[in-house]
Amino acid sequence: MNEFVETLLDLPWQADHAPKAAYDVVIIGGGGHGLATAYYLATRHGITNVAVLDASYIGAGNTGRNTTIIRANYGIPESVAFYRHSLHMYADLEAETGCWIMHANRPQLWMAHSVSTARTEQARALMNEACGVPSRFIGPDECAEIVPQLDLTGGGRYPIHGASFHPEAATARHDRVAWAYAQGALRRGVHIWQHTPVVDLLRSGDRVTGVQTAAGPIRAGTVLSAVGGNVTTVAGWAGVRLPIRTHALQAFVTNAYAQEFPGVVSSNDLVFYVSQGPRGQFLMGAEFDRYASYQQATSYTYVQSVARKAITVLPFLAKARILRGWTGICDVSTDFSPILGDTGVDGFLLSTGWGTWGFKAIPAAGEQLALRIATGATPALIAPFGLDRFAKEAAMADPSSAGTR
Amino acid sequence: MLRVTCPTCGTRPYEEFRYGSLFPVTPDSITDPDARQVDHAWMQDNVAGPITERWFHEAGCRRWFTAVRDTRTDAWSQPD
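As they're listed, the protein sequences go chains A and B.
Sequential numbering of the first sequence, starting at 1, is according to the working numbering.
Sequential numbering of the second sequence, starting at 406, is according to the working numbering.
Some hints here could point you the wrong way.
[Stated by the list, open to error] Cut-off 25 Å, straight-line C-alpha distance, at most; resulting in silico cross-link-like pairs (SDA-like, lysine to any residue):
1) A:Lys392 / B:Gln442
2) A:Lys392 / B:Ala472
3) A:Lys392 / B:Pro429
4) A:Lys319 / A:Gln281
[As the list claims (entries may be wrong)] Here are the simulated distance ranges between beta carbons:
5) B:Glu420 / A:Gln122: 50 to 58 Å
6) B:Arg408 / A:Pro167: 42 to 50 Å
7) A:Gly46 / B:Glu420: 53 to 61 Å
8) B:Trp469 / A:Ala214: 53 to 61 Å
9) A:Gly98 / B:Gly465: 55 to 63 Å
Calculated directly from the structure, the hints in this document are not laboratory data.
We treat Cβ as the ideally placed atom computed from N, Cα and C, and that holds for glycine.
Model the full assembly from the supplied sequences, consistent with the hints where possible.
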């Protein structure tokens, strides 16, 4: 049990209450996405007869297992518009919820180590600038001005040819985001049931009418799955087949480093990213494991490979020591874009395909799905991300922007 | 750490191998030819349990092989 969450949220009333027999909306998954949707249903639409069910404690899944980077420099205009909205919502989240989420601006450098990758990053910068996300391509000298710790020769093997520069990028404390939304939702009457695993969906004809929990059935007007790596099982109960594969994504932090490290450094060629947390420790991540996995285990192979890549460009990190690591099991969609909204089954909605890019999207996805649930119409911002896009030959393929492919 | 069982060389560290692919399987319940194509191109079984994969023992016998691995435990077994 996460006692920090318990004290912060004051959930002890759960001990002598039981879930109601029916809610207007039941959300499976008490991570950032599920809680944000509940929060916006309550605050924007006055829908408070809502239950969020989590198999463990809130934020125990991928919300607590990411690298907390918030950015909007994606590769297709629809994605840029969506993530840009989310970036702006994050910037206002502390004022809106009254909770400190440790939001801090951390400009991102997305480095290129070859001429061809430099062209890709130039194209990314131009595209983002055109879509309203300030972004520009900078040369190696300016990279070194922004992040003086960089070795511009890349250890002799990976010289830095430049980087696309995204000054609005940020980081925030991941658990606090979940807690802020949970607190806001609870205050408005939403029920959050921790340690309440859903074992099946209730169906009536072609419609999903509720969920079956270990403790009994709960009927619902709308069921939203905000489940992470296990989403294929949940969707399978409704007969929905998904373009999702579950992969493990690992990350780790080092000991604290007194000197300020001003941004998020990532590399398109080496595929890794490094940022400094509020306590000075370095947070590193890279690509997800190639093979499908449902295990939250950390491997030495991975740590070694990321450390080697990071030291190539940031040699001072060779002296850092790893404090702890974590692994999330990610719902990676086959086109590397999220899947939001209707599923073709009445009463059953999805928020999935968050792969390794879900944390930055929490506010926008929650707001837009709440709008979808409240009005019954899919908002324009998430319309391109429906599950039906695959049959329409309108897949939103954007693997290079994930930074983890 | 993942250890891969090669039929020729036995159980060896993951670094010696290259991951090949899954065998995509479109369920027989999908009968419409267009829907089958969409399913083949995009959809995944994503089983939490034993799956059949291709692996290449790059730094060993340099042979491709088919193996069954449990995605929850990484336990290896021989394909049928």
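Could you work out which of the previously given hints the structure breaks and list their numbers from low to high?
2, 5 and 8
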